[in-house]
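**Student:** Sequence:
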Amino acid sequence: MGDRCGDPGDGGRRRASRPFRVHDSDEYVATALRSGASGFLVKDTDPDELARLVRSLAAGAVVLAPQVTATVISGYLHHHGGQSAATRAVSRLSARERDVLVLLSHGLSNADIGCRLHLSIGTVKDYVSAVLAKLDVSNRVQAALWAQRAGLLDEVPT
Numbered sequence: 319m320g321d322r323c324g325d326p327g328d329g330g331r332r333r334a335s336r337p338f339r340v341h342d343s344d345e346y347v348a349t350a351l352r353s354g355a356s357g358f359l360v361k362d363t364d365p366d367e368l369a370r371l372v373r374s375l376a377a378g379a380v381v382l383a384p385q386v387t388a389t390v391i392s393g394y395l396h397h398h399g400g401q402s403a404a405t406r407a408v409s410r411l412s413a414r415e416r417d418v419l420v421l422l423s424h425g426l427s428n429a430d431i432g433c434r435l436h437l438s439i440g441t442v443k444d445y446v447s448a449v450l451a452k453l454d455v456s457n458r459v460q461a462a463l464w465a466q467r468a469g470l471l472d473e474v475p476t
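Under my numbering, the first residue of the sequence shown is numbered 319, with each subsequent residue one higher.
Hints were generated in silico from the structure; no laboratory data involved.
We put the CB at the ideal spot given by N, CA and C, even for glycine.
Be aware that one or more of the hints could be misleading.
As the list claims (entries may be wrong) - With beta-carbon atoms standing in for the labels, derived distance ranges:
hint, residue 1, residue 2, range
1, Ser447, Ala403, 19 to 27 Å
2, Val459, Arg352, 24 to 32 Å
3, Thr387, Val455, 29 to 37 Å
All chains, full assembly: derive it from the sequences and hints.
**Tutor:** Structure follows, in structure tokens:
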């Protein structure tokens, strides 16, 4: 039997503590999983099934209610699919076009990009047009979003 001094009364065995939530909102699912929850169940889970799922969770398994599995998969595919598409799109650029994309994504003007890369403004405009065409976007902001999704914004060419 446990006492008030911290002995849980479990014979010295360490209890598994794995956070999980019981709710059915997409936002709660995302928040709980981002916070490190190992499982997510909905309120109307059958009591017998709940007991089995909690035992699985205690054994180290990840437990997701069927009602939230589609949400989790959709979010994963949206995030990773978008990143793959951005990486593929940016891979079509030449090294110089990529440099121009990174600089325009950091908000530099054509003149500033030209100074940084030792190019004329006309040449920078040509590169910007090529970048927009290859990424199939109509403006610099959309191109900057592709650069961000592809993870390029940590790069700053000299």
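**Student:** Look at each hint and say if it fits the structure.
**Tutor:** Consistency of the hints with the structure:
no., hint, verdict
1, Ser447 <-> Ala403: 19 to 27 Å, "holds (22 Å)"
2, Val459 <-> Arg352: 24 to 32 Å, "holds (27 Å)"
3, Thr387 <-> Val455: 29 to 37 Å, "holds (34 Å)"
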